[in-house]
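Protein chains: 2
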Amino acid sequence: MKLLYSPLSPFVRKVMIVAKELGLDGRIETVPAATNPSVPNPEIAKHNPLMKIPALVTDEGIDLVESKVIVQYLDSLGGNKLIPAAGKARWKALRMEAIADGLADAGILVRYELAMRPAALQWKEWISGQLAKVGNALDQLEREASDLEGPLNVGHVAVVCACNWLEFRNVLPDARKTRPKLFAWVDRMNKERPSFGSTMPK
Amino acid sequence: MKLLYSPLSPFVRKVMIVAKELGLDGRIETVPAATNPSVPNPEIAKHNPLMKIPALVTDEGIDLVESKVIVQYLDSLGGNKLIPAAGKARWKALRMEAIADGLADAGILVRYELAMRPAALQWKEWISGQLAKVGNALDQLEREASDLEGPLNVGHVAVVCACNWLEFRNVLPDARKTRPKLFAWVDRMNKERPSFGSTMPK
Chain A
1 MKLLYSPLSP FVRKVMIVAK ELGLDGRIET VPAATNPSVP NPEIAKHNPL
51 MKIPALVTDE GIDLVESKVI VQYLDSLGGN KLIPAAGKAR WKALRMEAIA
101 DGLADAGILV RYELAMRPAA LQWKEWISGQ LAKVGNALDQ LEREASDLEG
151 PLNVGHVAVV CACNWLEFRN VLPDARKTRP KLFAWVDRMN KERPSFGSTM
201 PK
Chain B
203 MKLLYSPLSP FVRKVMIVAK ELGLDGRIET VPAATNPSVP NPEIAKHNPL
253 MKIPALVTDE GIDLVESKVI VQYLDSLGGN KLIPAAGKAR WKALRMEAIA
303 DGLADAGILV RYELAMRPAA LQWKEWISGQ LAKVGNALDQ LEREASDLEG
353 PLNVGHVAVV CACNWLEFRN VLPDARKTRP KLFAWVDRMN KERPSFGSTM
403 PK
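First to last, the protein sequences are chains A and B. Counting in this note's numbering, the final residue of the first sequence is number 202, and the numbers go up one at a time with none missing. Counting in this note's numbering, the final residue of the second sequence is number 404, and the numbers go up one at a time with none missing.
You may find that some hints are simply not true.
Simulated crosslink set (DSS-like; lysine-lysine; CA at most 27 Å straight-line) [stated by the list, open to error]:
id : chain 1 : residue 1 : chain 2 : residue 2
1  : A       : Lys124    : B       : Lys326
2  : B       : Lys290    : A       : Lys81
3  : A       : Lys177    : B       : Lys248
4  : A       : Lys88     : B       : Lys222
5  : B       : Lys393    : B       : Lys404
6  : A       : Lys46     : B       : Lys404
7  : B       : Lys283    : B       : Lys204
8  : B       : Lys222    : B       : Lys379
9  : B       : Lys248    : A       : Lys88
10 : A       : Lys2      : A       : Lys88
11 : A       : Lys46     : B       : Lys294
12 : A       : Lys177    : A       : Lys202
13 : A       : Lys202    : A       : Lys191
14 : B       : Lys248    : A       : Lys92
Sample of chain B residues at the chain A side, in silico, Cβ under 7 Å [as the list claims (entries may be wrong)]:
id : residue
15 : Pro242
16 : Met253
17 : Glu327
18 : Ala334
Just so you know, the hints here were simulated from the structure itself, not pulled from any lab data. Yeah, the Cβ is synthetic: ideal placement off N, Cα and C, and Gly gets one too.
Can you build the whole structure from these sequences, using the hints too?
In structure tokens, the structure reads:
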């Protein structure tokens with residue numbers, strides 16, 4: 001398999017951690033791919049018309065796009081260990097993944113606004129609206145900290161990737177101050193699991 | 203079940219069509235919910251910290267977020283008719299859904315830029331970058347028009363919702379001009395299937 005890759009994308013990192021946890025990383029060739037939302041990249045477009053990463057080219061030649069789809073695919077290859085097959089456990093894991101991915105998406109929009117858009121064109125209300133989503137999602141995860149325990153699932157992976165990316169880019173200063181349980185758990189996961197520690201953005 | 207709802211969201215429409223095709227719409231109470239990315243809505247936040255729709259409150263009280271997760275949940279309740287369980291058919295359907303959803307996401311960012319952001323703060327390169335994603339995705343779906351035939355799946359539903367929304371908001375003028383197979387199929391689906399025709403944005 002080939003994975004269009006950047007070490008700094010939280011969604012690529014989610015895919016890499018899932019691959020490592022399932023023992024599939026040796027079957028994946030990573031292909032560096034730089035994305036920029038205002039500069040189309042025709043190399044990425046060959047595999048993903050949305051020109052986003054991650055994109056995974058399977059051994060059968062299917063170009064999979066969107067990290068949620070890619071991790072479902074890898075989980076099916078790797079013995080269905082990270083996404084519960086049915087019932088409340090499945091929906092809670094997929095829900096947690098969606099909240100964490102949405103948190104990262106909102107954070108990325110803030111970063112695009114502040115780091116890429118010309119300063120004269122920045123819109124304060126947009127930034128504060130997206131940061132409200134980020135803050136709400138972190139608060140929700142803090143309230144549901146007991147769900148962070150138990151067998152590792154794809155929701156846990158997504159939460160670590162979103163929280164570490166947020167701090168790496170300093171999108172929301174003091175993010176961890178009011179969410180002590182969440183970030184203590186994130187730190188512990190990075191220490192305890194090589195799949196997490198070895199993929200930390202830096 | 204309760205669905206946070208707007209008749210104009212392509213992602214809410216996807217959920218509604220899936221519910222109707224599965225015979226589950228009678229079990230869903232729709233709750234009108236207005237989203238605005240720069241004005242937080244605390245009512246939506248009670249069920250989705252990202253303050254986006256759709257969000258589905260299940261009968262067990264789980265707040266599901268993100269349309270991909272919600273349609274997987276509904277499909278599991280309704281006999282697994284719209285998402286193939288495994289193999290190439292599954293990944294092609296989920297891939298098509300992801301491309302269509304990404305197309306709608308990019309189109310929505312263009313609409314936010316043009317219809318909500320103050321004119322003096324609009325950034326041409328952002329708009330052209332997002333429109334390149336929209337155009338690429340439409341071109342890809344046109345090239346793969348043969349995959350639009352066959353038993354209805356969630357990818358087909360997402361494509362109709364994305365294409366109709368795009369035309370409803372006139373995000374990309376002449377979108378259908380160079381994609382005749384795609385849009386002829388979209389028009390046919392809306393005529394043939396009441397689940398599509400009755401949910402057309404207007």
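The hints, checked one at a time:
Pair hint Lys124 (chain A) plus Lys326 (chain B) holds up; C-alpha atoms about 18 Å apart against a cutoff of 27 Å. Taken as a hint, the Lys290 (chain B) and Lys81 (chain A) pair is honoured in the structure, with Cα atoms around 20 Å apart against an allowance of 27 Å. Note on Lys177 (chain A) and Lys248 (chain B): the hinted pairing holds, with a Cα-Cα distance of about 22 Å set against a maximum of 27 Å. Of the pairs offered as hints, the one joining Lys88 (chain A) and Lys222 (chain B) holds, with about 23 Å between alpha carbons and a cut-off of 27 Å not exceeded.
The hinted pair formed by Lys393 (chain B) and Lys404 (chain B) meets the criterion: a straight-line CA distance of about 15 Å does not exceed 27 Å. For a cut-off of 27 Å, the pair hint linking Lys46 (chain A) to Lys404 (chain B) is broken: about 35 Å separates their Cα positions. In summary, the hint linking Lys283 (chain B) to Lys204 (chain B) is supported, as the alpha carbons are separated by about 22 Å, within the 27 Å threshold. In summary, the hint linking Lys222 (chain B) to Lys379 (chain B) is not supported, as the alpha carbons are separated by about 31 Å, beyond the 27 Å threshold.
Under the criterion of a C-alpha separation no larger than 27 Å, the hint pairing Lys248 (chain B) with Lys88 (chain A) is consistent with the structure, at around 20 Å. For the suggested pair Lys2 (chain A) and Lys88 (chain A), the alpha carbons sit about 33 Å apart, so the restraint of at most 27 Å is broken. Our distance criterion of 27 Å between C-alpha atoms is met by Lys46 (chain A) and Lys294 (chain B), whose separation comes to about 16 Å. Pair hint Lys177 (chain A) plus Lys202 (chain A) holds up; C-alpha atoms about 21 Å apart against a cutoff of 27 Å.
Between the alpha carbons of Lys202 (chain A) and Lys191 (chain A) the distance comes to roughly 15 Å, so the proposed pair stays at or under 27 Å and holds. At most 27 Å may separate the alpha-carbon atoms for a hinted pair to count; Lys248 (chain B) and Lys92 (chain A) meet this at roughly 16 Å. Hint on Pro242 (chain B) holds. Least Cβ distance to chain A is approximately 4 Å, under the 7 Å limit. Below 7 Å, beta-carbon pairs count as interface contacts, and Met253 (chain B) has one with chain A at about 6 Å; its hint therefore holds.
Interface hint status for Glu327 (chain B): upheld, as the beta-carbon distance to the closest one in chain A is roughly 4 Å, under 7 Å. Hint status for Ala334 (chain B): holds, given a least beta-carbon distance of 4 Å to chain A, under 7 Å.
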